[in-house]
Structures are given as C-alpha cells and as structure tokens.
Amino acid sequence: MYVIETKDLSKVYDNGAVPVHAVNGVDLNIEDDEFTAIVGPSGSGKTTLLNMVGGLDSPTAGTIVVNGKDLSRMRENELINFRLNHIGFVFQSYNLIPVLTAKENTEFIMLLQKRPKKERDARVLSLLKEVGLSDKINKKPSELSGGQQQRVAVARALAAKPDFVLADEPTANLDSKSATNLLNIMARLNKEEGTTFIFSTHDQRVIDRARRVITLEDGKIVKDITQN
Amino acid sequence: MLIKISWRNIWRHKLRSAVVITAIALGLWAGVFIMGFYFGIIEQKINDVVRSEVSHIQIHHPDYKKEDFNINYFIPDGLTISEDLSVDTLVQYTSGRVISMGMIGSAKANSGVRIIGIDPEVEALLTGIDNKVIEGAFFKGVKRNAILVGQKLATKLNIKVRSKVVLTFQHINGEITAAAFRVAGIFKTLNTTYDESNVYVNNKEFRKLVGENITYHEIAILLKEHEYVDTAAEKYKGLYPGLLVEDWLEIVPLMRYMTDMMDQVMLIFMLIIMLALMFGIVNTMLMAVLERTRELGMLMAIGMNKFRLFNMILLETLILAMVGGLIGLILGYITIEYYAVKGIDVGIFSAAYESVGFSTKVFPQLEARYYIQTALQVVILSIFASLYPGRKALKLKPVEAIRKI
Ligand SMILES: Nc1ncnc2c1ncn2[C@@H]1O[C@H](COP(=O)(O)OP(=O)(O)OP(=O)(O)O)[C@@H](O)[C@H]1O
Ligand SMILES: [Mg+2]
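Protein chains in written order, with the working numbering: chain C, 1 to 228; chain R, 1 to 405.
Chain C on its own, in the form it takes in the complex (with noise of 0.2 Å):
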C-alpha cells in the first residue's frame, strides 16, 4: 500500500483569459520512507501537486489517497484535522509564529493535537536537539537565522508525527550552507525515523540528495527516475 496515491489529478485555473491547467492528468504513487523531490521549470505545478496532496487545495479531477484516505470527500474541518494528525508541512518561509520561541513553535502542533504535556516537552527538546538547536529552545523566530527558522519548522513539522513531510521550496530562501545543513538533517531523520518527505525544489545540489527526481513540465510527470 502506498502512503500517497494519486489516479489522473488535475488542476485547471479559469479564471484567467485561458484555462491553465496547472497539474495534468498525474497518477503518483509515493511509499512509505521515500526522499523525493519534485523539479521541474517555474510554472510547471509544483507547487499546485504539493498543495493538492497536502489537502489544502482541492482537485478538479481525479483522486487523492492518503493513507487510504478520499481527500477529495472531505470537507473542510475533516481536512483541517487530517492535516494536523497525518501531514507535516515545512513552507519557503513564515512558518513560525513570531510571538512563540522555538520550543513553543515545536511544542504549539502537539497542543493543537492535545497531547499530553510530558510528551509534549519530551519531544520538543528531543526534536529541537535533531535538528541541533538545542541553544536556541527559547529564542522567537525574528532572533533565529533563516536556515535555524526552516529547521524549527522541520521539528514542528515531525512533532505531529505525521504520515509524511510535504516541503514547498524549503531552501529557496537560504544560503548554500545552511540549504545543505537542512538536507542533511531530513536526510537523516529520514534515514533514522524513517520519515516520508516529499519537497520540490530547484536546487541542483538539493536534487543531488533526493532517492527519487520527479519531473514536472506543464502539469505532466514526463520524468521520474530512482537514483543512487
């Protein structure tokens, strides 16, 4: 069984002078412990294919399976809590709130989930040590460094325990050192915990670590290879 299975997705935006269809006809299947990247020129959907899987865009054809789950049936607050139990999301940027301190952001998904508080505080600085910002626990986002705030993120994005981590471009706005510090870190909580992340990027050297290259291009996959 597949974590993620898409049949014939698609994506056409009217409301333009033509219609845009921004994912074409997709059949995805991604598996459990998976590294993939998503690549492909501006435009190509990307962004639109994550969005969709993620269950914060709704499809216009087609299907999206999570876990065995119709994300296309269900209705909103159905979503809202199946985001919060199944999916981690790491965005390009604001993904913090900037009046919590990087425990509190790590910490606030678990409240959302109402774990209980030894848990909670467990996790976090278990987390937050994963991701080697264990000196940083009680400092707010705009004291954080871009490539520490995506890391929060990350550790947010894992506290949920999701089923899988869906990433948008998240090292488009940092640094080449701290773009392949946040990589290594996935890679081996991927490696570790054996958690599922799925990010679209346009980094060659990002591209380089992935398992498998999914290639967009007008909507269509027209490559998808397993390397290394």
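Hint data in this document are derived by calculation from the structure and do not stem from the laboratory.
Some clues are possibly wrong.
Restricting the straight-line Cα-Cα distance to at most 20 Å, the calculated cross-link-like pairs of lysine to aspartate or glutamate (EDC-like) are [to be verified]: (1) 4(R) to 143(C); (2) 161(C) to 208(C); (3) 395(R) to 76(C); (4) 14(R) to 291(R); (5) 306(R) to 78(C); (6) 161(C) to 193(C); (7) 397(R) to 130(C).
From chain C, some residues computed to sit far from chain R (all C-beta separations above 12 Å) [said to hold, decoys possible]: (8) 67; (9) 139; (10) 162; (11) 168.
Just so you have them, the derived chain R footprint on chain C, three or more residues with Cβ under 8 Å [as the list claims (entries may be wrong)]: (12) 47-61; (13) 96-107.
Even glycine gets a Cβ: it sits at the ideal position worked out from N, Cα and C.
For this one, chain C is given, so just place chain R with the ligands on it according to the hints.
Showing chain R with the ligands alone in chain C's frame:
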C-alpha cells in the same frame, strides 16, 4: 498557549494597542465616574427625603389618604401607639402629628397650606426642622399660638418674624374655624415647593382648635439604621393590622422610579460609550487580522481548526478590552471613592438644584454591582467586536494565504 499567543500578539504593536487600551480606559473611567456622580445625587436626595421629609415609616388611619386627608380619619389609640413605638428596639425617634388642610392669610394675601401640628421637641429630633430655621427661632419668642412658615411662603404673604397670620380650617364637627397665630420662625428646606405649602404649629394648641378627641393623623418613625426598614415595616404591619403602615418607598414611589430610571439611563449611556469604543476595537483587530494573513493561513494549513482560530481572535480582543476596561474601572473606583469623602462642589448650579430639592455638594457613590455590570458589558462588547475580524480570519483560504509566501 492561546492566551500566551494572544497576549504577546497584543504587544506586537505596542503603540497601536496602547492607544485602544487608553481609549477604553478613558471611556470607562468617564462612564463609571458619571454613573457614580448621578447615583450619588440620587442617594443624597433619598437621604434628604427620608431624613427631613418622610422618615422611614409612617402610620396613618387606613382611610386617611383615600379620604383626601380628612381630619376625621385620625389614628385610634394614636397616643398609645406613639408611646409604644418610641420605646421599640428598632426605633430612634417617633413623632405624632395632627394635620389639617387649610388657608393661611396675612394682611396682604392668602395661600392654601397643610397645617402640621407637632410636638416641637420630638419633631426637631426626627426631621431636624429646627436646623432649617433661618430667621427667628424654633417655637421660641412667641408665647401662644406660635407658627413656623417657610421662606417662600413668607415672601409670598409678605410676612416676617412676629407677624400675625390667620389660619382657617375645618373643625372636626364640620365648622369652619379661624385662629390667629404669630410667626416664631421662618424655615428653609432644600425643597422650595415644600416651604411654600407647609406650616408648623404646636400640636397641643392645634388639637384644641380642630377637635380635642383627635389623637394623631400621622406617626412618623425614624429607625436606628436605614437597613431596618424592611424588618420594621413588616413588624408594625403585623402589630397594627388595622392601620396603614408604609415604608418610605411606598410613601414616595417616585424615589423608586428615580432609581429605576437612572439605572436605565445609565445603561443606555454606557452602551453608547461602549459602542463608540467598539469601533476602535474592531478597527484594531481588523488590522491585526489583515496584516497576519500569512501567519493565520499557515496556522490553518498545519491544522488549526476554525473554532480555535476564532477563539484566538476572540481572546486577543477580550484581553485588549479587559486590560483597558480594568484600568478604567480602577481609575473610576479611585476617583469615586476619593470624591465620596471629599464631595464635589456643584455650587455654580446651586440655585437650579435647590429648587428641585438637591444638595449643592455631590458625594458620588457606586454600588459594586455597577462595576460588575460594566465589566460584563466590556466582555460582551469584545465578543461583538471580534465577530467581524474573526469572520475575516475564518474566510481566509490557506492556499491563497500560503501562495503569498
Ligand atoms: N491561483 C491561481 N490562479 C490562476 N493560476 C494559477 C494560480 N496558482 C497557480 N497558477 C498557475 O498554475 C501554474 C502552476 O503553478 P505552480 O505555482 O504550481 O508552479 P510551480 O511549479 O510551483 O512554480 P514555481 O517553481 O515558480 O514555484 C502556473 O502557470 C501558475 O501561473
Ligand atoms: Mg512553487
């Protein structure tokens, strides 16, 4: 955690929040103080009325008022009842009065008056009418048939201390009787209407003129404590089932209307203040929501449901309003308590105030329940104020908010 977030969010824009909080604090401060001011006036008015006019409890013949104060309806056993009451544990003083409607005439003019026959000594203790004498003396300096008239009446009749006046009234046997009196003193209360229509004479002398068998038409009772009123009224109603026993609120129901009406006026007044403040809060919260689109979108994306999102906005509004509200209430409390002791001189308006029976110094006061009521209004206000900004937040689509990232 939501409280923590809301609290810190408020201080993200220190100046903006401080402005709203100050506005709320000032609005409530003014509102609470004005409430205290008006309730102070009313309380004083009530005190004046009770202390110098109606006393706490009055006893009459059951038909006395119905029969238009006909002198035939005096209190049977009035003298004994008055004696008994004066030694009752709840009672401070009692005063029995012989009352008749009549005319007062001077060389210049005539005027309709209520002639009140009193025992000067006890009446002085009960209503303090002796302190209201501004010219002449309280039943002194005139040997027989002394009379006390109000200043307004004295002016109207053009009479002075020691002037002779003639009282005309009906004897209990139906004959119209006239008797000469001499002005011993001129009094002035806070109520000029009262001064114009009431005169005091000695009840023993007056009884001889209207009918020896009359006891009292009215027994007024001043209790040791204002709080005894309900207990005492109930007790005497049980003790004298054949008589009309009334407490001050039954005698002057107008007083109750005054308090009730003031309650309503103040409620409307506060609501208007609140409404004005609400626009300020709505505006601030709307700004707070709109500038946080991405953050709120992110929160919905990672799994914060609409209920919690709305709660967060509501909480932020509540805290904002309550901080301001609390400051306003405390400032209001302090000023009211300060002036409750010191008093506010409203001397400039004194002429106008006195004519309707108000004192010239106001001692503001406000019962605890009005503070609680105001605090509750602030809470309700914040809930209303958060509806629109909250709706805006709920309408956000996470994808669109995220796209802007
Ligand atoms: N809300 C929208 N309304 C209309 N068209 C849209 C909307 N969002 C995206 N598109 C279009 O859909 C197509 C795919 O966009 P998408 O953002 O998924 O591409 P992408 O691969 O993520 O690009 P990039 O690498 O620049 O992030 C583009 O042509 C884009 O213009
Ligand atoms: Mg994109």
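Here is how each hint holds up against the structure:
1. 4(R) to 143(C): holds, 19 Å
2. 161(C) to 208(C): violated, 26 Å
3. 395(R) to 76(C): holds, 12 Å
4. 14(R) to 291(R): holds, 15 Å
5. 306(R) to 78(C): holds, 11 Å
6. 161(C) to 193(C): Within the cut-off at roughly 11 Å; holds.
7. 397(R) to 130(C): Between residue 397(R) and residue 130(C) the Cα gap is close to 33 Å, so the pair fails against 20 Å, i.e. violated.
8. 67: holds, 15 Å
9. 139: holds, 14 Å
10. 162: violated, 10 Å
11. 168: violated, 8 Å
12. 47-61: It holds: at least three residues are needed, and the region 47-61 of chain C offers 5 whose Cβ sits within less than 8 Å of chain R.
13. 96-107: That given contact holds, which follows from 6 residues of the region 96-107 of chain C lying within Cβ reach (below 8 Å) of chain R.
The structure fails to meet hints 2, 7, 10, 11 from the earlier list, while all remaining hints are met.
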